[in-house]
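To convert, note that position 185 of the sequence shown is 185 in my numbering; the numbers rise steadily by one, no gaps.
Keep in mind that the hints are not guaranteed to be accurate.
Claimed, not checked - Cβ-Cβ distance ranges computed for the label pairs, FRET-style:
id, residue 1, residue 2, range
1, Glu169, Leu141, 15 to 25 angstroms
2, Arg23, Gly108, 19 to 29 angstroms
3, Ala81, Pro24, 46 to 56 angstroms
As the list claims (entries may be wrong) - Calculated lysine-lysine pairs in the DSS-like style (CA-CA distance at most 27 angstroms, straight line):
id, residue 1, residue 2
4, Lys156, Lys229
5, Lys156, Lys145
6, Lys105, Lys145
7, Lys156, Lys234
8, Lys105, Lys156
FYI, nobody ran anything at the bench for these hints, they're computed from the structure. Quick reminder that beta carbons are idealized off the backbone N, C-alpha and C, glycines included.
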Amino acid sequence: MNRLQKFFRSLELTQTRCVHCLRPFSPSENACGPGGLSAPLCPDCTALFVPYAGSRCPRCGLPLALPTARDTVCPNCLRQAPPWDSIGYFSLYDGVWRDVLLRLKYAGELSLAPLLGACLQEAAHCLPRPDALVPVPRHPLHLRKRGFNQAHELAKYLHILCGVPLRPELLCRPCPHTPQAGLSAAERRRNISNAFQTTRDAQGLRLWIIDDVMTTGATLTAAALTLRKAGAQKICALFVARTPHF
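Working from the sequences, and respecting the hints, build out all of it.
Now the structure itself:
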């Protein structure tokens, strides 16, 4: 190895590449994100990890156009109340958030999970403390193909941070289904209907359903209905991000 090769090799050892903008940066530059945790993000991208501060519906989290009272419910939830009580999320699903969550989900960037778990902890401040965390499950076939369940990874770090028991056995997904990505809202509802089962009694439990992103709410609706039938007393949901519309 000549001198020039050694120089570039030393740069590889002392620098990493941001998973969002792909800019190389030194670990010494790494800024802390939510929860005081660092991640494989450059300082500029870490600075984008700020919570959504606008008005939102307390039931479904839909961003509201105008500043409103904290308990103002959106027209959708007034027309038909969802089967859960309230939701919390850290930010809207766009920009750096969309890219980072896609990298976690499809590129297996599990190094992002601790930081995103800390985002969940911050988003949970608006929710009453639960008895257990329930990650949205994947069918075993899909789980083997991907190698991990991102909802479970996030719930695992949230459990470490807040000390709430992790109860993945309360919800299972016995039948494979077509992936939700690319489907319309109506197709998502049909696709996920009756997808979940529970083999455990949830009688009287206060639960947080955990997932990475809320889009149409179809998955959350199916999961919440299953847990309601099992006797859950209160159901809240917690996401890293939510789409700004249904």
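Looking back at the numbered hints, which does the structure fail to meet, lowest number first? No numbers; nothing is violated.
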